[in-house]
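Colleague: Here is how the chains run, residue by residue.
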Amino acid sequence: MALLFMSTFDKSEDWRRALTDALPALDFRKFPEDTGDPAEVEFVLVWRPKPGSLLAYPNLKTIFSLGAGVDHLLLGGGELPKDVPIVRLIDAALTSDMTQYVVHWALHFHRSFQMYRVAQAEARWTRLPYPAAGERRIGILGLGVLGSDAARALVAMGFDVASWSRSPKAIDGVTSFHGRDTLTKFLARSDILICLLPLTPDTQGLLDSERLAALPRGAFVINPARGAHVVDADLLAALDSGQIDGAALDVFAREPLASEHPFWRHPKVIVTPHIASHTTPRSAAAQLAANIQRIRRGEQPENQVDRARMY
Amino acid sequence: MAILFGGVPAVAEQWRKLMAEMLPAMEFRVWPEIGDPNDIEFVLWRHPKRGVLATLPNLKALFTMAAGVDHLDYDDIPAGFPIVRVVDPGMQENISTYAITWTLYFHRHFHAYEEQKTRHEWKVLPTAIPEKTPIGILGLGTLGTITARRLTAMGFPVAGWSRTAKTLDGIECFHGPDGVLPLMARSKIVIVLLPMTAETKGVINAASLAAMPEGGFLINVARGAMVVDDDLLAALDKGQLAGAALDVFNEEPLPSDHPFWAHPKIRMTPHNASGPNVPARARQLADDILRIQRGKTPSQPVNRDARY
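For the protein sequence lines, the chains are A and B, in the order given. At position 16 of the first sequence (counting the first as 1) the number is 16 in the working numbering, and the numbers step up by one without a gap. At position 207 of the second sequence (counting the first as 1) the number is 207 in the working numbering, and the numbers step up by one without a gap.
Quick caveat, the hints were computed from the structure, so don't treat them as lab data.
Listed next, the in silico DSSO-like pairs over lysine-lysine satisfying Cα-Cα at most 30 angstroms (straight line):
hint : chain 1 : residue 1 : chain 2 : residue 2
1    : A       : LYS169    : A       : LYS185
2    : A       : LYS30     : A       : LYS11
3    : A       : LYS50     : A       : LYS11
4    : B       : LYS123    : A       : LYS11
5    : B       : LYS123    : B       : LYS265
6    : A       : LYS61     : A       : LYS50
7    : A       : LYS30     : A       : LYS82
8    : A       : LYS268    : A       : LYS185
9    : B       : LYS123    : A       : LYS268
10   : B       : LYS201    : B       : LYS238
11   : B       : LYS238    : B       : LYS132
12   : A       : LYS11     : B       : LYS132
13   : B       : LYS49     : B       : LYS60
14   : B       : LYS49     : B       : LYS17
15   : B       : LYS123    : A       : LYS30
16   : B       : LYS238    : B       : LYS123
17   : A       : LYS268    : B       : LYS265
18   : B       : LYS123    : A       : LYS50
The shape of chain A in the complex, shown without the other chains (with noise of 0.2 angstroms):
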């Protein structure tokens, strides 16, 4: 039975080496060229696959994602065969990239890094106060695999750490709101706040201007979830009156990001090119083919997304 490799972003020989390197039996075929019979595939992993394709595969055991999202499956896949499972992609490496991405951005606004960058452009020596770590409200949206490391490391360094989620959540020294009536009241404490959310059609559009607006005035904003999370021309409205001061996004409504985009001329905005996190072939296969020897086992895999909640 073959893992059918679906991809036109990543490397397949990569995956091929890794997966097999840790399942020597496993028949690891690329899309389209090897796919030979379609009811052989027991296994897809895919990134953007063409809505409705993953259905000529009637033995479908699980649908792989290539990424720790899933909503290019769930909200841009089209079709999927009922019933299999959706498996997200998330490993050690993944998670602690992401960590390092959100705890940078958390310390450069904390320390002004952006301001002396203004300053050191004019030529100005003048010394910025900033108030201890424990002072800093952090406000992260999401507390799922990676919202919660960078919670444990943003505790870790002494901030003031506060999480909104769909459900209860208890990690500690993170003050946790969930349910949308809390979100206000979470928000008006997030002096930075970082976006850590899964792409859903009750996630999409979130940071608009009333949501911004619902920020302390000065606040800075990190995303490195799914462009779609924000609106473009809400945030930058709030960019230009200073409701909010800085923005580090690594995702965009549209990537690449059109060169024409004002969030490149925009100076208060911190452009990364969806490199927050990366996977690599070597860290996920481990992970990988234990979970298809779960699946192989009758198991439940790790790292399922629930389809009703879309993730």
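Please build the complex by placing chain B on the supplied structure of chain A, with the hints as guidance.
Modeller: Just chain B, lined up with the frame of chain A:
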């Protein structure tokens, strides 16, 4: 029994209040209101005015408010006389966090993405892998050690250099004059956390920069005099170094016509890696005064011969 405070009058009152709470038995006097010089047992003064200390016959210790002690006039301080740094744990945390922030900035190519942004260029640079980014820390005192441990925990291979030989778990240690170049040679990012002494002055120069692998980074949060400015500029201009973050300079404030200001590969902050946290310092001062009164060693004594 009195403490003599010599420092910025604006902070004197804050200190007075805190000392009244923590050491109610001691009087707090602000220079030049010395009162009876015989009363003064402790002086809290970053850089005491020359000649003042000699007029205080019962002086037990000088507390200086700085991590670095290179600014002191050692010949003005009576021989055999304890000098104690007042540092607070917050300061150590702040300085190591500052160094780590710039480490992450360069490691994750944020300087390069910033440059690409000016050209609206969306280009993904090679994945940054901590295990492949060796860090070298010059200075393995408290600040160097804390920073080394934090970076090791993040997955970076860390080496350090100190004047005398040290052993630290998980950190490759170099020492002595012959240890500097080997440390530089195995470091993609070098962080300077040395005390300022005759030996460390100008340690970052053409030779030590040339020893680094090409395209490395420098983070200096110690003293400007450790860097030979022209050598740093030359190394950046020819690409030997890909970037530098500097919090300290040979002259502060740095004159506005200094070439560092306009250099696209330099990131400057105005000697602000750690701001003063008076309550934490007051706590440490009070604790150390009590230790000295009980005949114990204070927490951060200065070795006068080594000058740190």
